[in-house]
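Peer 1: Chains as they are written, first to last, in the numbering used here: chain W, 1 to 322; chain B, 1 to 322; chain Y, 1 to 322.
Take the hints with a grain of salt, since some may be wrong.
To be verified - Here are the computed lysine to any residue pairs in the SDA-like style, where the Cα-Cα straight-line distance is at most 20 Å: (1) Lys87(W) to Glu278(Y); (2) Lys87(B) to Arg260(W); (3) Lys87(W) to Asn242(Y); (4) Lys87(W) to Gln112(Y); (5) Lys87(W) to Gly109(W); (6) Lys129(W) to Arg154(W); (7) Lys129(W) to Asp151(W); (8) Lys87(B) to Gly261(W); (9) Lys129(Y) to Asp148(Y); (10) Lys129(B) to His163(B); (11) Lys87(B) to Glu50(B); (12) Lys87(W) to Ser51(Y); (13) Lys87(B) to Ser271(W); (14) Lys87(Y) to Ala277(B); (15) Lys87(Y) to Asp270(B); (16) Lys87(B) to Arg218(W); (17) Lys129(B) to Ser51(B); (18) Lys87(W) to Ser271(Y); (19) Lys87(B) to Gly266(W); (20) Lys87(W) to Lys87(Y); (21) Lys87(Y) to Arg218(B); (22) Lys87(Y) to Glu267(B); (23) Lys129(W) to Leu70(W); (24) Lys87(B) to Ser51(W); (25) Lys87(Y) to Asn242(B); (26) Lys87(Y) to Lys129(B); (27) Lys87(Y) to Gly266(B); (28) Lys129(W) to Gln273(W); (29) Lys87(W) to Gly261(Y); (30) Lys87(W) to Ala26(Y); (31) Lys87(B) to Gln273(W); (32) Lys87(B) to Asp270(W); (33) Lys87(Y) to Ser51(B); (34) Lys87(W) to Asn3(W); (35) Lys87(W) to Glu267(Y); (36) Lys87(B) to Gly116(W); (37) Lys87(W) to Ala277(Y); (38) Lys87(W) to Arg260(Y); (39) Lys87(B) to Ala108(B); (40) Lys87(B) to Asn242(W).
These are calculated hints, taken from the structure and not from any lab test.
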Amino acid sequence: MRNLLSIEDLGREEIEAILDRAESFAEVGRRDIKKVPTLRGRTVVSLFFESSTRTSSSFELAAKRLSADLVSVKAAGSSVDKGESLKDTVATLSAYDPAAIVIRHPYAGAAQMVAGWTAAAVVNAGDGKHEHPSQALLDVYTLRRRLDSLDGRRIWIVGDVLHSRVARSDVLAFTRMGAEVTVCGPPTLIPRGIEGLGCAVEHSLERLEEADVVYALRMQTERMSESFVPSLREYAANFQINSRRLHPRQLLMHPGPVNRGVEISGEAVDSPQSLIAEQVAAGLVVRMAILYELLAGAERPAPVPDDGSGAPAGPTPIGQPA
Amino acid sequence: MRNLLSIEDLGREEIEAILDRAESFAEVGRRDIKKVPTLRGRTVVSLFFESSTRTSSSFELAAKRLSADLVSVKAAGSSVDKGESLKDTVATLSAYDPAAIVIRHPYAGAAQMVAGWTAAAVVNAGDGKHEHPSQALLDVYTLRRRLDSLDGRRIWIVGDVLHSRVARSDVLAFTRMGAEVTVCGPPTLIPRGIEGLGCAVEHSLERLEEADVVYALRMQTERMSESFVPSLREYAANFQINSRRLHPRQLLMHPGPVNRGVEISGEAVDSPQSLIAEQVAAGLVVRMAILYELLAGAERPAPVPDDGSGAPAGPTPIGQPA
Amino acid sequence: MRNLLSIEDLGREEIEAILDRAESFAEVGRRDIKKVPTLRGRTVVSLFFESSTRTSSSFELAAKRLSADLVSVKAAGSSVDKGESLKDTVATLSAYDPAAIVIRHPYAGAAQMVAGWTAAAVVNAGDGKHEHPSQALLDVYTLRRRLDSLDGRRIWIVGDVLHSRVARSDVLAFTRMGAEVTVCGPPTLIPRGIEGLGCAVEHSLERLEEADVVYALRMQTERMSESFVPSLREYAANFQINSRRLHPRQLLMHPGPVNRGVEISGEAVDSPQSLIAEQVAAGLVVRMAILYELLAGAERPAPVPDDGSGAPAGPTPIGQPA
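Bound-form chain W, shown alone:
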């Protein structure tokens, strides 16, 4: 695995290898010193052209917990203001010889392009409406911990599927792991031909009770002014996930940030069946695992830099997952 650009590039075994690695980092997170020396002295670039709290902070903390040095570039306040092209920005940052570049960009395919311009491993942290593979991996991780296996599980993804890179990556990842996926939303918000990804399509919540897992998508409020929905109120009346519609047996997910009272009710967010906080926690360990697999995995078999403990460097140094 050289880059993480799309769930399409990953087989079931590769996904499982990342999730297993993430489990070992979850164990590190329960220690007092939540840190391993794996990437000490190596550089990770975080390059975000769209605002983000959870994705950027979890990638950045993941890099720090792997002991990497971090260069964080946000679009505002950078040379991007001066109209520098993406290619030149990447060339600039690549000149520091970073081990990885984590990129979020509003254009579909941006991460793929970046991968062609740099020797660093490229991680797609969201490219337009295309994909958000680390989100899908953390979603699978979260479900696997609860359900043991996704095989035969029925997962409904509800809401604005059309504009959602999360939906696209999740459909790919959930089906690859054996789940039966249904996407559901008003016809204006379901992309034509999405059945081609291997999912079913519904336009109402009538049969929601079939689902084992309900995954609510964020509704951008600007969709209303863009006429995709007549009003947020009408959208909520037909598609909001709330405790009236949700069966206590069902698990609830959301990629965040939530719009309480729009695509999801506040009480549903805070209910025991909500996995939303678990998803965020999963984000950190899954992103550690992604960086580990890309930078310290197979092609680099003995990444045993000094761990700062003074202990001799060996095949399984202290504080490093075996």
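Keeping the supplied structure of chain W fixed, place chains B and Y upon it in accordance with the hints.
Peer 2: Same frame as chain W, now just chains B and Y:
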């Protein structure tokens, strides 16, 4: 001590314990390696919903000098732009299992609310017009170094007391440490009933010579348009602290940033009796002490993580205050 | 060397000492652990009042690779918003006892003023139209690696010389290193009396073939509205550096970010004779060398803090350039 939300929660002995700890960090600051390993592998979140140079940079540097990993979230450029609620932002960041969350927020009581939503220690770095307890502690620290004790000292706090969280926290802290506090300003800028906190009230500087310490508050220029003062010029004529009004025996303080020529004259800022630079330096060591007391104090008696020196971990490892 | 404010302060030997040091850091950059412990436990402040990707990120990464703790203050979102004076901002940051302050500011002479207000070493990262000395040093470094020596080399600096701090610092540095420098641009963009710095002046590219090195300057698009050039199109017609004008024997440089199609053509940027990516890579190691020379050089002969490896501290600890 689980959180630092308000000076009201602190007894004199607790304040003194923090200040004594801060003295030990001042000693660390005089070394070549101004760093201790106390919080190595633990995470501190800095969450600022208002702009700040000195408070955010001193908390962040304090965390780094304690060897913590830092996650810094500013309101601009974060999911807060997307209208995420404070509760959800805190839930997100709490999912990383941080040791502490340092929060500044425009609403009074915000830090208290956050403390109810997270297992992390919460440090109030300013909540609306309510409190700014770390500022008050660094102010007491600064005065204690100069005056040895605050008992019986007369401290005048001058200016916009009404909108000042610093004034509120300082009145509480100074009186708790035995000082006699007077607040002074035009009636429009003195909150009704403030005598209830144990201070006297004055509406002119006529008797300023009584003070041992003069503490000038920042005048927000927008107060003029809000009609709290007729003009900055008239305010300055009546309440500006300058060398004509200040006796050379008196000490001068200000929380910064100063408006030279408004609430304080430039020459007063730069005079030998000004403690303003000492206050900033105190901010760093007092904030290290706050984080230490919350995260490595009584309930965690043996915080002796590896110090990176290769020396055996013992009860008083190298580079850690005894 | 106490500060780096201007190339004017540096003799040829001092420049060569910095470049030699930078070579040793280039060697560190080829290791797996691209990091040395030189500044462990010391603080570097990065204070940028203008937006920047490459200069701020390379100084910040340089500080991290030297193991310093970094405090990064950008003008937006800081107390600077509240109208704090530069002097007070510097006093605030100096109270943390930083080893160095790296400053970019829109006013010529700002770095010099800052140096008078702080005990920290001050590095000028660009002060208005005055100087950008670290850029000039990395440019000399890049050329020295390619040409071995600058003695007798003919370097043309082409474009908006009038507004360019890079041009000013480069003319000084290149001539000091023995090169023959020509500045070239329309008369409106060449400052009067620049010959006094020891360079020739041209107003057309007719004799560009004389040059061994062509250094294109960035054209700010706002210069057009300010009437310095009639149109970007006409400027490009007369002064754009492109493969039609460039001889394959000539080397091409640019300080970035480039405006493809304005002062330089895209194909020229990407051509084998372009040193632009090498310049960025040089920026990192030269800035490490600048911080090293200022903070760990002659007047501090034995900067051998613990390197985290557990090895005994000696005159040449592991991971530190000899």
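Peer 1: Each hint: holds or not?
Peer 2: Results of checking the hints against the structure:
With a CA separation close to 16 Å, the supplied pair Lys87(W) and Glu278(Y) stays within the 20 Å bound. Only pairs whose Cα atoms come within 20 Å are accepted, and Lys87(B) paired with Arg260(W) is accepted, the gap being roughly 11 Å. Straight-line distance between C-alpha atoms of Lys87(W) and Asn242(Y) comes to about 19 Å, which keeps the hinted pair within the 20 Å bound. The straight-line distance between the Cα atoms of Lys87(W) and Gln112(Y) is roughly 36 Å, outside the 20 Å bound, and the hint therefore fails.
Between the alpha carbons of Lys87(W) and Gly109(W) the distance comes to roughly 13 Å, so the proposed pair stays at or under 20 Å and holds. Between Lys129(W) and Arg154(W), the direct Cα distance comes to roughly 24 Å. Violation of the 20 Å bound is thereby established for this hinted pair. Between Lys129(W) and Asp151(W) the CA atoms are separated by roughly 27 Å; this puts the pair beyond 20 Å, and the hint is violated. The hinted pair formed by Lys87(B) and Gly261(W) meets the criterion: a straight-line CA distance of about 14 Å does not exceed 20 Å.
As the CA atoms of Lys129(Y) and Asp148(Y) are separated by approximately 30 Å, the hinted pair breaks the 20 Å bound. Of the pairs offered as hints, the one joining Lys129(B) and His163(B) holds, with about 5 Å between alpha carbons and a cut-off of 20 Å not exceeded. A threshold of 20 Å between alpha carbons decides the hint, and for Lys87(B) with Glu50(B) the separation of about 17 Å falls inside it, so the pair holds. Taken as a hint, the Lys87(W) and Ser51(Y) pair is honoured in the structure, with Cα atoms around 19 Å apart against an allowance of 20 Å.
Using a Cα cut-off of 20 Å, the hinted pair Lys87(B) and Ser271(W) holds, with the two alpha carbons roughly 14 Å apart. Restraint check for Lys87(Y) and Ala277(B): satisfied, since their Cα atoms lie roughly 12 Å apart, inside the 20 Å limit. In summary, the hint linking Lys87(Y) to Asp270(B) is supported, as the alpha carbons are separated by about 11 Å, within the 20 Å threshold. Our distance criterion of 20 Å between C-alpha atoms is met by Lys87(B) and Arg218(W), whose separation comes to about 17 Å.
This hinted pair checks out: Lys129(B) and Ser51(B) have alpha carbons roughly 15 Å apart, not beyond 20 Å. A C-alpha spacing of about 14 Å is found between Lys87(W) and Ser271(Y), which places the hinted pair at or below 20 Å, so the restraint holds. With a C-alpha separation of about 11 Å, the suggested pair Lys87(B) and Gly266(W) falls inside the 20 Å cut-off, and the hint holds. Distance hint between Lys87(W) and Lys87(Y) is unfulfilled; the C-alpha atoms sit about 38 Å from each other, more than 20 Å.
A distance of roughly 17 Å separates the Cα atoms of Lys87(Y) and Arg218(B); the hinted pair therefore holds under the 20 Å criterion. Under the criterion of a C-alpha separation no larger than 20 Å, the hint pairing Lys87(Y) with Glu267(B) is consistent with the structure, at around 13 Å. Distance restraint check for Lys129(W) and Leu70(W): the Cα-Cα separation of roughly 27 Å exceeds the 20 Å cut-off, and the hinted pair is therefore not satisfied. With a CA separation close to 19 Å, the supplied pair Lys87(B) and Ser51(W) stays within the 20 Å bound.
Our distance criterion of 20 Å between C-alpha atoms is met by Lys87(Y) and Asn242(B), whose separation comes to about 19 Å. Taking the CA atoms of Lys87(Y) and Lys129(B), the gap is about 28 Å. The hint is violated against a cut of 20 Å. The suggested pairing of Lys87(Y) with Gly266(B) holds, with an alpha-carbon distance near 11 Å, which does not exceed 20 Å. A hinted pair counts as satisfied when its Cα atoms are at most 20 Å apart, and Lys129(W) with Gln273(W) does not qualify at roughly 28 Å.
Only pairs whose Cα atoms come within 20 Å are accepted, and Lys87(W) paired with Gly261(Y) is accepted, the gap being roughly 14 Å. For the proposed pair Lys87(W) and Ala26(Y), the alpha carbon gap of about 24 Å is over 20 Å, so the pair is violated. Of the pairs offered as hints, the one joining Lys87(B) and Gln273(W) holds, with about 18 Å between alpha carbons and a cut-off of 20 Å not exceeded. Proposed proximity of Lys87(B) and Asp270(W) is supported: the alpha carbons are some 11 Å apart, at most 20 Å.
The suggested pairing of Lys87(Y) with Ser51(B) holds, with an alpha-carbon distance near 19 Å, which does not exceed 20 Å. About 17 Å separates the Cα atoms of Lys87(W) and Asn3(W), which keeps this hinted pair within 20 Å; it holds. About 13 Å separates the Cα atoms of Lys87(W) and Glu267(Y), which keeps this hinted pair within 20 Å; it holds. Between Lys87(B) and Gly116(W) the alpha-carbon distance is near 40 Å, which puts this suggested pair outside the 20 Å criterion.
At most 20 Å may separate the alpha-carbon atoms for a hinted pair to count; Lys87(W) and Ala277(Y) meet this at roughly 12 Å. A hinted pair counts as satisfied when its Cα atoms are at most 20 Å apart, and Lys87(W) with Arg260(Y) qualifies at roughly 11 Å. Straight-line distance between C-alpha atoms of Lys87(B) and Ala108(B) comes to about 15 Å, which keeps the hinted pair within the 20 Å bound. For the hint pairing Lys87(B) with Asn242(W), the CA-to-CA distance comes to about 19 Å; that is within 20 Å, so the pair holds.
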